[in-house]
Amino acid sequence: MNNALQLLVNGKMHTVQSAPDTPLLYVLRNELQLNGPKYGCGLQQCGACMVLLNGKAQPSCMLPVAAVNDQEVVTLEGLAKDTGTLHPVQAAFVEAQAAQCGYCLNGMVMSAVALLAAHPHPDDETIRNGMQQALCRCGSYSRIMKAVKIAAAAKPANAIKTDHP
Amino acid sequence: MHRRQFLRAAGCVTIGFTMGGPVFSYGSPVQQQLPGSLRNHPRINAWLEILDTGQVRIFTGKLELGQGIRTAIAQVAAEELDLDMQQVEVVLADTSRTPNEGYTSGSASVENSAMSVRYASAYARRKLLELAAEKWNVPIDQLHMNNGIITGPGNRSISFADLLQGRQLSDEVKLPVTLKSKEQYRWVGKPVLRDDIGRMVRGEPVYVQDLRFPGMVHARMVRPPAYGAQLRTFNEQEALKKIPGILKIVRKENFLGIITANEYEAVKAQRALQSLVTWTEGTPLPEGNVTQYIKSLPASTEKVLQKGSMDGTAPWITATYSKPYIMHASMGPSCAVAIYDKDQLHIWSHTQGVFPLRRTLSRMLNMPEEKIQITGVPGSGCYGHNGADDAAADAAVLALEYPGKHVRLQWSREEEHGWEPYGSAMIMELAAQLGPGGKISAWKYNLWSDTHSTRPAGAPQNLLAYQYMQQTPQQPERGFTAGAYRNAEPYYDIDNVTIQAHFFNGPVRVSALRGLGAYANIFAIESFMDELAAKAGTDPFTFRLMHLTDERARAVLEKLRDMIKDVPTAPGTGIGIGFSCYKNAASYCAVAALVKTNKAVTDLTVQKMWAVIDAGETINPDGLKNQTEGGMIQSASWTVQEQVRFNKQHITSVNWNSYPIFRFPQAPETEVAVIDRPNESVLGAGEAAQGPAAAAIANAVYKASGKRIRDLPLLRGQGG
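Protein chains in written order, with this note's numbering: chain A, 1 to 165; chain B, 1 to 720.
One chain only, chain A, in its complex shape (with noise of 0.2 Å):
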């Protein structure tokens, strides 16, 4: 029942042996190995899960692997450099310390990366609502808000993208 599916991640072509109504996140963390998107529900309404797909922030959980086609896949771990240096959104998250136990940051950081992306210099309005498909349970959304905010600028409209065009 498994398929040989094309899958562009993080700027690298990928052949994965899968079932195509499996979700994309199952996919993500268990064929490709990567730990940025989480499982939070498998309902897309917490955001531990999100990728940008063709740029835009998106949950994994729900995602038939089959329907992702040609989109270009982001997580987390496609935002840093290959040198190492982070993204800006990531630097800011760790200069404002914007987590507690981390669990929501993925979908946290993904979602101000296409935030920033459509609106490079956002009021906090903007953020709120850009953000709110990710939930957090530790309480830190004012340390995340400071965090978009030192993104945000960090950098000029244009650098706010990620590395795989």
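No false leads were slipped in.
Now the stretches of chain A that chain B is said to cover, found in silico as 3 or more residues with beta-carbon under 8 Å:
#1 80-90
#2 102-108
#3 126-135
Taking lysine-lysine and the DSS-like style, the derived pairs with C-alpha atoms no more than 27 Å apart in a straight line are:
#4 A:Lys146 x B:Lys596
#5 A:Lys149 x B:Lys596
#6 B:Lys559 x A:Lys146
#7 A:Lys146 x A:Lys56
#8 A:Lys149 x B:Lys190
None of these hints come from the bench; they were simulated from the model. Just so you know, even glycine gets a beta-carbon here, dropped at the ideal spot from N, CA and C.
With chain A held as given, fit chain B onto it using these hints.
Below, chain B without anything else, positioned relative to chain A:
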């Protein structure tokens, strides 16, 4: 990252829940009493090892829960041994490696574990210097220690590892222990960054959910539709025929789990099997008003405090408050990996207590404790006793039936929401008399609560797996009852006080949730203080200060008053405050909230929250702020809109739509001020904000709307 590196790393990230320990005085840092954990495990090498690489490895019996304990512990070790932070690694709770420090709970990790590491490190420093002095035959006061190297006269220098030549320091730590003088601190009291956040942003493996082993198989549980429901029909042959990919079905009475090679096959098999089996109805839950129901239950009464007399003749002012069941609702559903191989069972779990869990599993599985190893690996934030221990027990049962393979058991969102043990619903009845000058002359307090701990501390019946494996359900052991009346005694100076706690056995599964009873007790006391202040014709700050002589309590309130004095309040908005000294013995915390609402309070936004916290000696001010900010936001979500709902059959709050918590648009801004007292004991802080935050919001709602809401959540009708 390789598995071994991760497992090591999983034992070695970082900072800052709480801080505690005996008092030192400036200038004479000689400690006269050793912390409890160190008295239980007195040898230096129980707490630290010198590695050949120049690193120092620290062992703690506590687990990182997102509170930053790893960094706080590394800071105190680096301080006493004059190391760079990079030279310290921290191994977290593991039954085979670390001291047994019970549970990571009650905001007590810095007080016990970090302080034990502090004294063990200081004693190790002394021993290392003595060894070098002996080796070079020079006086000890001519030696210096820096970044793992000891230097002495004549350009002599030697590393810790070369000095020890493969040995470890196994001396017992004995008094007196000379600690580093605080004027020389380079790490403690500084906002040292948590190194685990750097790993998180890179997507490195951090959590138990990220563990991968060669040949690992995946498991899911098939749970009953209700508490106490029993498996009525189940045909294993039919299931194996109809459902693809199943390696093994494990059934023991009402315990039903499946194992597959591929994770998504396990998810599909879980759903398919659920539709192939039938269950009995189980224990019905009460319908209707929960507060009325719990008040109607038989209760056993405990006299908590009686001082002075209740004979005053002033009129009693009364008010009754309530709090519903609320849940931990961890972001990452519980998970565990277990392997049974060569007669040994090894479990990786995000449990808060590896040692108590091992004792419990030993009884549940009839296996000697020596044959069970439990390695603590962080999960997502738990804020108390969530599904972690249950998932570990599930995985253990499954692994025993499928030996030789690592079995990874992952709970679903619905399982975590529907089966975790909740924070108990409570009712608080308050009465007070006002005497001359508008001061409180008498105080009566009655509370109703279920227990706040059913941790499986040796009691297998507190684990779901054990319950499922019985023919009939058994009553869990209701542990620590004092949790219900934590902070029931007001911290204020009142001469005549009586407090009683009435314990019922409620309808749903309950256990420890951040702050235990303190959340509801402080909500009630601090709401009532505002009500009394109005009766006495004084403002909330003045009224509280009239009843406080403890200078540190006064200081947090006075600082808070200063912080918010120029905040304008627009029509429809209001500011309220709340205060507590957590456990009446830990951190002092005063909170203010600015809310916007309408007259009927059908719409409510918490716009901003302020806190002033005094946790004694601050190990990491940023860690302390992070805990306090998060505590306020989490408490705001509980207070404004959270309530576990159920129908006759079972819990109906089973996902984020039916149990909504604050999302980004609802989260208030936060501002936290720390009052650092380097010469005072470190005080537990991780749970300090929950209660005052709740009262501050309720009091602000009253200011904004004129409506006094005494039953939580403040927004009724929310929460699905």
